[in-house]
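Residue numbers (my numbering), protein chains in the order written: chain A, 1 to 258; chain B, 1 to 306.
Just so you know, the hints here were simulated from the structure itself, not pulled from any lab data. Note that beta-carbon positions come from the ideal geometry of N, C-alpha and C, so glycine has one too. A few of these clues could be false.
Pair by pair, the computed Cβ-Cβ distance ranges are [what the hints assert, rightly or not]:
| hint | chain 1 | residue 1 | chain 2 | residue 2 | range |
| --- | --- | --- | --- | --- | --- |
| 1 | A | Glu257 | B | Glu132 | 29 to 37 Å |
| 2 | B | Arg222 | A | Gly24 | 54 to 62 Å |
| 3 | A | Gly24 | B | Tyr16 | 20 to 28 Å |
| 4 | B | Gln126 | A | Glu257 | 51 to 59 Å |
| 5 | A | Ala174 | B | Gly239 | 55 to 63 Å |
| 6 | A | Thr231 | B | Phe19 | 46 to 54 Å |
| 7 | A | Ala175 | B | Gln126 | 42 to 50 Å |
| 8 | B | Glu132 | A | Tyr83 | 20 to 28 Å |
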Amino acid sequence: MSAVRRILAVVGWHATLYRRVWFGSVTVSFINPVFFLVSIGFLLGTLVDRSNPDLGGLSYLQFVAPALLATTAMQTASSVTTYPVIAGIKWLRTWHAVVATPVRVSELIAGVLAWTGVRIAIAVSIFAAVAAIGGGFASPLAVLAPLAALLCGVAFGALLAGITARVENPQWLAAIYRFGLVPLFLFSGTFFPVSQLPDWVEPLAWATPLWHGVELCRDLASGSVAAGATTLHIGYLVALLAAGTMLAVRSTAGKLEA
Amino acid sequence: MNEGPLIEARGLTKRYGDFVAVDGIDFAVERGETFGFLGPNGAGKSSTMRMIGSVSPVSGGTLRVLGRDPEHDGPAIRERLGVVPQEDNLDLELDVQENLFVYGRFFGLPRDEIRRRTAELLEFVQLADRRESRVDSLSGGMKRRLTIARALINTPELMLLDEPTTGLDPQARHALWDRLYRLKQQGVTLVLTTHYMDEAEQLCDRLVIMDRAKIVAEGSPRNLIDRFVEREVVELRFGSQNGPPPVGDVGQHVEEMQDRIVIGANDGDAVVDEIHRRGLRPETVLVRRSTLEDVFLRLTGRSLVD
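If we strip away everything but chain A, and leave its shape as in the complex, we get (with noise of 0.2 Å):
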């Protein structure tokens, strides 16, 4: 039997999960970008001056909805890769189950991340929709942004995968969320341009995974896509995504297979 066909056994059982609770993934898919959208693309960015030069002439929604489309995936991919990751080596111990079949770790490792952007990719659609029809996008090249948003959770789930399955502890994990999720989704250009953090900060954030995921969501939304920035960031995100796989790959390995 080939790779392929395990890595989408491995998927369709994580379908075969979420099948029980699909609708109020969903339902949550949807409430949640409506609450930010309101809340702070609307009601906070009427405080916004428009003329800000730092708002490249967008409207704040239009600022804010693709970074929240970024922000959108890491989460979506944050609830895949990583209290499901113990589950399956610790707590439940099913991953242990699917190495003692014909599937590989690294099919294993596949079909997760495979499954994360299928997870991704419905989150982000209905956030990109209700953005939409919201106002939220100013050209029309954002219907490229949900791709860029796709890849930039799928390169934070294969990372999260690689840590959460090393340290396979629930206190640690909670302290990544605190000090890395967090300040990620609040510091990463989300809410405000980088260009406002002190001059020595702002090179922390051009390091960061999210803000080359946010940058690239806000230059296709704003149809403002300029080559060589563009290359950068998909570049970034491709190879977070290549290194990821392969801690993730790696460390489940030392877990399953001792």
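Chain A is already provided as a structure; the job is to place chain B on it using the hints.
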């Protein structure tokens, strides 16, 4: 078709850092037999099973499973194995038949075949009426039976069972033994680990006793009893606070413990007569046939292993 042993290990070794879990063991398992690994906790049984299951790399020596090398042919070997792990790892969030369906897909089985096998297997493990129950609502014995059904989804030639009945009540254990016995009659090769001697005597054609990472004895249950212990055992219990009085030279093997004496003897009744002739008055006297447990304790010692 390859007619050599189904599993063959020479000098098989497993190390975790400096710790040697399995220390150069040799064994072979033939097609159709039921082979057991007996030993106290930490003897290296589970490590050996995981190497046979082709999920744990061999640290030294050679291992062939189904004529192949686990290091290179892991997926091809695992395709023909059924694995029942020590700890249940069913998907608690899925129902009974979904567990089998998902697992069958990992083996690349077509949907129709999985559905057909599922119906047969749930009948076989007496869970047909629970097919739509969520797994977390099942009892311990039912979960074990479901794990066995799951391990059979790919019609394996070789089944690996790591302590299959640990933690089950007597009814559930006997129900499980019946299922395993039927598999054995169908020609499935079974390899199991256990620290229940009655389980080994019931099921195993041949077994090895492991202690501290090594194999200390090998044979059929009967053969091991004949070789390592006397035909009968006399157990004497004394009530005194000072421990049992010395019984002297009786039987073939005398072991004195804190409050009782265990004597291995070819003729138990003669030993009891001799004890009485010497004026000793034990509170209780038990004469019984030797079991595998006596072999086990004789070979691996009576001290507790943690």
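Open item on the list: Taking the Cβ atom of Ala174 (chain A) and the Cβ atom of Gly239 (chain B), is their distance within the range 55 to 63 Å?
Closed with: holds, 58 Å
Open item on the list: Can you tell me whether the CB distance of Glu257 (chain A) to Glu132 (chain B) sits inside 29 to 37 Å?
Closed with: holds, 34 Å
TODO: State, for the Cβ atoms of Thr231 (chain A) and Phe19 (chain B), whether the hinted interval 46 to 54 Å holds or is violated.
DONE: 50 Å Cβ-Cβ, so the 46 to 54 Å window holds.
Task: Satisfaction of the hinted span 54 to 62 Å by the C-beta atoms belonging to Arg222 (chain B) and Gly24 (chain A) - done: Distance hint for Arg222 (chain B), Gly24 (chain A) holds at roughly 60 Å.
Open item on the list: Looking only at beta-carbon atoms, does the pair Gln126 (chain B), Glu257 (chain A) fall within the given range of 51 to 59 Å?
Closed with: violated, 34 Å
TODO: Could you check the hint for me, namely that Ala175 (chain A) and Gln126 (chain B) are 42 to 50 Å apart, CB to CB?
DONE: holds, 47 Å
- [ ] Confirm or reject the claim that Gly24 (chain A) and Tyr16 (chain B) have a C-beta distance inside 20 to 28 Å.
- [x] violated, 42 Å
Task: Pairwise beta carbon distance, Glu132 (chain B) to Tyr83 (chain A), judged against the given window 20 to 28 Å - done: holds, 27 Å
Of the numbered hints given earlier, the model fails hints 3 and 4; all others are met.
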